[in-house]
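Peer 1: Hints given; two lone chains; assemble the complex.
Here the protein sequences line up with chains A and B, keeping their order.
Positions in the first sequence are counted from 1; adding 977 to them yields our numbering.
Positions in the second sequence are counted from 1; adding 16 to them yields our numbering.
Be careful, since some hints might not be right.
[Said to hold, decoys possible] Some, not all, of what chain B presents toward chain A, calculated at C-beta under 10 Å:
1. F34
2. I44
3. F51
4. L52
5. Q55
6. T61
7. L71
8. C73
9. S97
10. I99
11. Y165
12. K167
Just so you know, the hints here were simulated from the structure itself, not pulled from any lab data.
The C-beta atom is built at its ideal place from N, Cα and C for all residues, glycine as well.
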Amino acid sequence: MIKERNLRKIILNKKAVNLLTKNIIFLVLNVLFFSVMFFFVARAGTGTSYMEKAYAKQIALSIDSMRPNTEIEINIEELYSFAEKNRLDETNIFTPNFENNSITIRLAKGDGFTYHCFKEILPGSISIDPLNKKLIIKT
Amino acid sequence: MKNKKAASGDIYLSPWMFLVWIIVAVSIIIGVLIFLSGQLDVRKTEASALSTRVLDCLSENFLYYDLAESDFDIYSKCGLSKIVFEEKGMFYLQVRISSVRDLEPTPIKIEIGNNQYLSDCKIQKESFKTFRKLAQCSYKSMEVYDPTYSKNFRISVIAASDQDKK
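For reference, chain B alone in the conformation it holds in the complex (with noise of 0.2 Å):
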């Protein structure tokens, strides 16, 4: 049997034919935008660069009783930027600072930024999974030895950036 539509090439150039191509253009324009946005997603180098940072700044000469003070400010011992943590509220940190061994003396958590970005953290920790949607986060440790206490203390920190996720 003959195909009437075939055969007149009504087939080629029918409103299905736009609708393939339409379907077709809308998929590669996402593919192609979802690929470079996951490119430019530096939320995970830049927790992790901050992280980076706060440990090496307080590692540095390290005295459990300065991190102690009342008056410690972390935003200028560090070089951070109050504007962007308070203000802005792009990023969170949070710094704890307790002996190896034992809770002697006192350890000392330290909290900076949107705090509500410590869930995202706590959620992607527990599945194991990252969600792009969530702020991202790094998690380090190190150890570090005080002359003055002539023990151990074990600095933990926990970054999270949410700074432009597209």
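In isolation and in its complexed conformation, chain A is listed as follows (with noise of 0.2 Å):
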């Protein structure tokens, strides 16, 4: 027979190892969330959707403001790279769209990001260089 001594020792054992299980399941869950918020902050800056803008917009306003007779080369290897590892073509990185008067960049499987120019973009004034992934823009 246990003893009334031994019994409450028992029990007061128990409780003490659920204390700490629910102490270590809170714990993991903590670090699980504050992982998850980190890498959700580091990533969000350089996200697929966030490149495609900034590259958009970017290559927008160069055109906008570039003077006549000028020549602008903008280095886009970060986009080629973006595009080998979401499995898209290069050939549908950069597409101008003349009748709209705007361009798209598409780094992954989608409509990817419009954004028009102001400055009228004449056709052949826009033209990759892929071997050295540049875009080549000329007024």
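Peer 2: Rendered as structure tokens:
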């Protein structure tokens, strides 16, 4: 027969184990939560949709701000690596639309991000150098 | 006095704790999205680029009577896209050209694009504040000399952009 004293010890131990388990679960959940938040914040500024927007706007602003008879080259290596990572055909990264006077950047499957230029984009004024991974704009 | 809930560990895994986590997560997500969208808002820069472009193109070889002609086309003169201004209505541009000293010859006013943005510009200018929900504007002016009139003219430009405010 178990003595009353031993029985109390066992009950107390059970309580302690229970408390320890809950504390561990709480700590694990905390670590998990803050890890997820950390990765969200770290990746938010380098995500595909953010990069699509950032590049489309930068390129459109460059076109709009260009003075006549100038030529600029924009390094788009980063876009190529994004497309490669997302298994997208490299020819679809940059698409100028002369009818709508807009440019589209696509780094993943989907429509990509389209931005309009106020300056008229003329056919032949924009080309891509796939070897050097550069975008060449002429006015 | 002993706290029974704390002793049992229920204080950690209570529904309130999860609610706190959800509130913290939602706050962080909203904060990050607001910060990133602010970084990608280029409307002010765009409006400034538009006003600079128009001033540059109109001031080059400036002749008042060229601009006063009824068939004067600012789109072709400054290389602007008619589709973006008229059909899409993403931009607004107002140009005023007048003599610096007097009202001779008659001042010229050219207006293209979405003229609803003009009120957005006025609200922000009068309140000395920038409202993200309104179109962003740029005001620029310069003086140019016209040899045929032998006088100085002032070109004043108001440009506004409301393309992708997100």
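Peer 1: Measuring from the C-beta of B:Y165 to each C-beta in chain A, is the shortest one below 10 Å?
Peer 2: Since chain A brings no Cβ nearer than about 26 Å to B:Y165, farther than 10 Å, the hint is violated.
Peer 1: The hint names B:I99 as touching chain A; please verify it with the least Cβ-Cβ distance against 10 Å.
Peer 2: holds (5 Å)
Peer 1: Given B:I44 was flagged as interface, is its beta-carbon under 10 Å from a beta-carbon of chain A?
Peer 2: holds (6 Å)
Peer 1: Tell me if the interface restraint on B:Q55 is satisfied: Cβ within less than 10 Å of some Cβ in chain A.
Peer 2: Interface hint status for B:Q55: holds (8 Å vs cutoff 10 Å).
Peer 1: Does B:F34 meet its interface restraint, that is, does its C-beta lie within less than 10 Å of any C-beta in chain A?
Peer 2: This interface hint holds because 9 Å falls under the 10 Å limit.
Peer 1: Can you verify the interface hint for B:K167: is its Cβ closer than 10 Å to any Cβ in chain A?
Peer 2: violated (28 Å)
Peer 1: Using 10 Å as the Cβ threshold, decide whether B:T61 counts as touching chain A.
Peer 2: Hint on B:T61: holds, closest Cβ of chain A at ~6 Å, below 10 Å.
Peer 1: Does B:C73 meet its interface restraint, that is, does its C-beta lie within less than 10 Å of any C-beta in chain A?
Peer 2: holds (9 Å)
Peer 1: Holds or violated: is there a CB of chain A closer than 10 Å to the CB of B:S97?
Peer 2: holds (4 Å)
Peer 1: Hint B:L52 vs chain A: min CB-CB distance below 10 Å?
Peer 2: Hint holds; B:L52 Cβ to chain A Cβ min 6 Å, cut 10 Å.
Peer 1: If you take the shortest Cβ to Cβ gap from B:L71 to chain A, is it below 10 Å?
Peer 2: Since the shortest Cβ distance to chain A is 13 Å, the answer is violated.
Peer 1: Taking 10 Å as the limit, does the beta-carbon of B:F51 come near enough to a beta-carbon in chain A?
Peer 2: Since chain A brings a Cβ to about 9 Å from B:F51, closer than 10 Å, the hint holds.
Of the numbered hints given earlier, the model fails hints 7, 11, 12; all others are met.
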